[in-house]
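S.K.: Here are the chains, one letter per residue:
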Amino acid sequence: MSLLAPNEQDQLRAWFGEMAGPVRLLFFTQTIGCEPCAQTRRILDELPPLSDKITIDEVNFVLEKEKAAQYGVDRVPAIALLASGTNGTADKDSRIRFLGSPSGHEFMSLIQAILLVGGAASHLSDDNRKRIAAVDKPVTIQVFSTPT
Amino acid sequence: MAFANEHITAYAVEATEFPDLARRYRVTGVPKTVVNDAVEILGALPQDMFVSQALAGVLPAAGQPEEQPKG
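If you read the sequences in order, they're chains G and A.
In terms of my numbering, the first sequence is residues 1 to 148.
In terms of my numbering, the second sequence is residues 1 to 71.
Treat the hints as calculated values from the structure; they're not laboratory data.
These figures come from a predicted structure and were not determined experimentally.
Note that the Cβ used here is the ideal one computed from N, Cα and C, for glycine as well.
Incorrect hints may have been included.
As the list claims (entries may be wrong) - List of simulated lysine to aspartate or glutamate pairs, EDC-like, C-alpha gap at most 16 angstroms:
{"hint": "1", "chain 1": "G", "residue 1": "Lys137", "chain 2": "A", "residue 2": "Glu6"}
{"hint": "2", "chain 1": "G", "residue 1": "Lys92", "chain 2": "A", "residue 2": "Asp37"}
{"hint": "3", "chain 1": "G", "residue 1": "Lys137", "chain 2": "A", "residue 2": "Asp48"}
{"hint": "4", "chain 1": "G", "residue 1": "Lys130", "chain 2": "A", "residue 2": "Asp37"}
Claimed, not checked - Not the full set, but computed from the structure, chain G residues with beta-carbon under 8 angstroms of chain A:
{"hint": "5", "residue": "Arg13"}
{"hint": "6", "residue": "Ile96"}
{"hint": "7", "residue": "Lys137"}
{"hint": "8", "residue": "Ile141"}
{"hint": "9", "residue": "Ser145"}
Claimed, not checked - Chain G stretches covered by chain A per the calculated footprint, using a threshold of three residues with CB under 8 angstroms from any CB of chain A:
{"hint": "10", "region": "106–116"}
{"hint": "11", "region": "119–133"}
Working from the sequences, and respecting the hints, build out all of it.
M.R.: Put into structure tokens, the structure is as follows:
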């Protein structure tokens with residue numbers, strides 16, 4: 001039983017169909033002591049059936065601490081979005097992360113992030129893109145939200 | 001913004017699942033944005049204002065004097 005209504009699946013399928021490149025979601029999770037992890041897995045499992053350009057790779061947060069650190073993940077559930085490499089090229093990290101289960105508003109944010117990494121046009125104006133491109137120091141942006 | 005500059009990393013954080021983070025960053029409402037643990041933006045802003053405020057500390061020319069980091 002899908003979490004998504006048929007018309008929602010159709011909409012997502014249409015959006016994902018516009019993607020130029022494949023997107024890999026690294027899903028950091030643990031089995032014990034993380035209720036939202038299971039919920040996140042159920043949500044993420046909805047996506048690959050809607051597009052052959054989306055893959056989910058599960059990473060065990062307990063066993064693969066180095067990989068978690070590499071992607072700046074210190075808690076679960078967490079998702080890191082990568083532009084998948086094609087023809088043998090390496091994946092490219094988008095440096096976009098989701099901490100917590102992507103339900104409610106966060107689900108649409110995740111979908112938009114997938115589309116962006118998959119090659120959809122950015123919502124940034126040209127002017128803002130230039131200003132952002134000028135940043136030459138490390139910047140960490142955290143956006144807090146709630147499901148409702 | 002992370003996608004537009006390799007120096008930038010962006011986290012979307014579900015505040016209710018991580019109360020420790022919500023407390024540490026004094027999340028009293030959403031959306032709340034925290035940049036480099038220094039700049040805080042509460043609420044949604046038009047894109048120009050958001051970029052200006054978010055990058056005020058790292059891109060002096062883009063900032064506005066009355067929007068310096070709080071506390």
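S.K.: Which hint numbers doesn't this structure obey?
M.R.: 2, 3, 4 and 5
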